[in-house]
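Each chain, letter by letter, is given below.
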Amino acid sequence: MPSDKKRTSRQVISMSMSSSDDDIWGSESDGAPEAIGSTETVEVRKLRLIHSKRGYLDGISSSKEENLQKGFDDSFEQGAVLGKRVGKVLGGLYILGMLHGRFDEKLTDDLMEAQKELKINKVLSTKHFDENCNLLGVPNPIDKWEKILTEHQKRYL
Amino acid sequence: MDFDETLDLEEQFYRDGFEEGRHENLTHNYLEGKQYGLQVGFQRYILIGLIEGVCNAVKSQNVSSAAQKNACLILDMVNKISMGNDEVSVQTYETNIVKIRNKFRLLLLALSRYVKEQDSLPSLGLSFQSVEKISKIVAGELSSYVESDAAEVSSQPQNEMW
Numbered sequence: 004m005p006s007d008k009k010r011t012s013r014q015v016i017s018m019s020m021s022s023s024d025d026d027i028w029g030s031e032s033d034g035a036p037e038a039i040g041s042t043e044t045v046e047v048r049k050l051r052l053i054h055s056k057r058g059y060l061d062g063i064s065s066s067k068e069e070n071l072q073k074g075f076d077d078s079f080e081q082g083a084v085l086g087k088r089v090g091k092v093l094g095g096l097y098i099l100g101m102l103h104g105r106f107d108e109k110l111t112d113d114l115m116e117a118q119k120e121l122k123i124n125k126v127l128s129t130k131h132f133d134e135n136c137n138l139l140g141v142p143n144p145i146d147k148w149e150k151i152l153t154e155h156q157k158r159y160l
Numbered sequence: 030m031d032f033d034e035t036l037d038l039e040e041q042f043y044r045d046g047f048e049e050g051r052h053e054n055l056t057h058n059y060l061e062g063k064q065y066g067l068q069v070g071f072q073r074y075i076l077i078g079l080i081e082g083v084c085n086a087v088k089s090q091n092v093s094s095a096a097q098k099n100a101c102l103i104l105d106m107v108n109k110i111s112m113g114n115d116e117v118s119v120q121t122y123e124t125n126i127v128k129i130r131n132k133f134r135l136l137l138l139a140l141s142r143y144v145k146e147q148d149s150l151p152s153l154g155l156s157f158q159s160v161e162k163i164s165k166i167v168a169g170e171l172s173s174y175v176e177s178d179a180a181e182v183s184s185q186p187q188n189e190m191w
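The listed protein sequences correspond, in order, to chains Y and F. Per the numbering used here, the first sequence starts with residue 4, numbered consecutively. Per the numbering used here, the second sequence starts with residue 30, numbered consecutively.
Looking at chain Y on its own, in the form it has when it is part of the complex (with noise of 0.2 Å):
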């Protein structure tokens, strides 16, 4: 699910967690100059490690659950509109299901079709996101269904 870059963080954080200095910031024989331009001798290098290690790890603790509720909002009205797009679509078939359906076979097997293809974890599938988690403009099931019920509500007009 997540990006690329987000899940090189993710186990960047994980691993942070569980294992030993060098998992994250490499070793001094990773193959990593001794000196970092002309200024950096071996000891402020050793020095910028052990540090900044230390202050990532307290910059991940300090965040703990920020932003997760800005998240939060900054999505839900665009998860409100699909499910009530999808809740219409349904709707729509099963109401002329329940009017015209026994005389109508394909409609009710579209009834039965739509709840499987208008699942949340298909219409919310990654392939219709960025890895920003935004709205792609790629074909969703949700525009194919309701050009099916518009068909079917044509029909019983």
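Where hints are given, some of them may not hold.
As the list claims (entries may be wrong) - Pairs of lysine to any residue, SDA-like flavour, derived with a Cα cap of 25 Å:
1. Y:67 with F:145
2. Y:56 with F:44
3. Y:130 with F:61
4. Y:49 with F:128
5. Y:73 with F:55
6. Y:119 with F:157
7. Y:56 with F:40
8. Y:67 with F:44
9. F:162 with Y:56
10. F:109 with Y:149
11. Y:109 with F:165
12. F:109 with Y:106
13. F:162 with Y:120
14. Y:49 with F:31
15. Y:150 with F:145
16. F:145 with F:162
17. Y:49 with F:124
18. F:145 with Y:144
19. F:162 with F:101
20. F:145 with Y:120
21. Y:130 with Y:144
22. Y:147 with F:55
23. Y:67 with F:115
24. F:109 with Y:81
25. Y:109 with F:147
26. F:145 with Y:106
27. Y:49 with F:161
28. F:165 with Y:118
29. Y:73 with F:118
30. F:145 with Y:107
31. Y:109 with F:107
32. Y:119 with F:41
33. F:162 with Y:116
34. Y:150 with F:101
35. Y:56 with F:107
36. F:128 with F:161
37. F:98 with Y:103
38. Y:157 with F:104
39. F:98 with Y:158
These are computed hints drawn from the structure, not numbers from a lab.
Fit chain F to the known structure of chain Y by using the hints.
Just chain F now, with coordinates in the frame of chain Y:
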């Protein structure tokens, strides 16, 4: 390098690391919040959509005028609900959803009677429970995402869903 310089460097490195860790976690949290917001928004509004879909169809069908009038009333109430997660929107949702559900139940009862009169057959599951069931089959239970995967919904791997 004297003692003071060493201390300054330690502090600078700590601050750099702190900012990096904080930034990464904030980004991660924001995306996690967005994923959860999408799910909850979807789950919360699918029933509203179902009700709207039924009422829209009823309006255009040759059914009793009382049922059509009720459908219009329900649609007016549904249109008052905005879809944000701010305090006012949530309050409007909470206030209206109970009334909408009750009116919708009555509409389905009237439709059920209408179908029975037309066909002299029992209406095939025309009830609020069956509408709610569709909502649950498609979107799962709202609470199930907090504790674990929704059993009915997760026919695909969890990591395919936001």
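message: Check the structure against each numbered hint from earlier and tell me which ones fail, lowest number first.
response: 1, 4, 9, 12, 15, 17, 18, 20, 22, 27, 31, 32, 35
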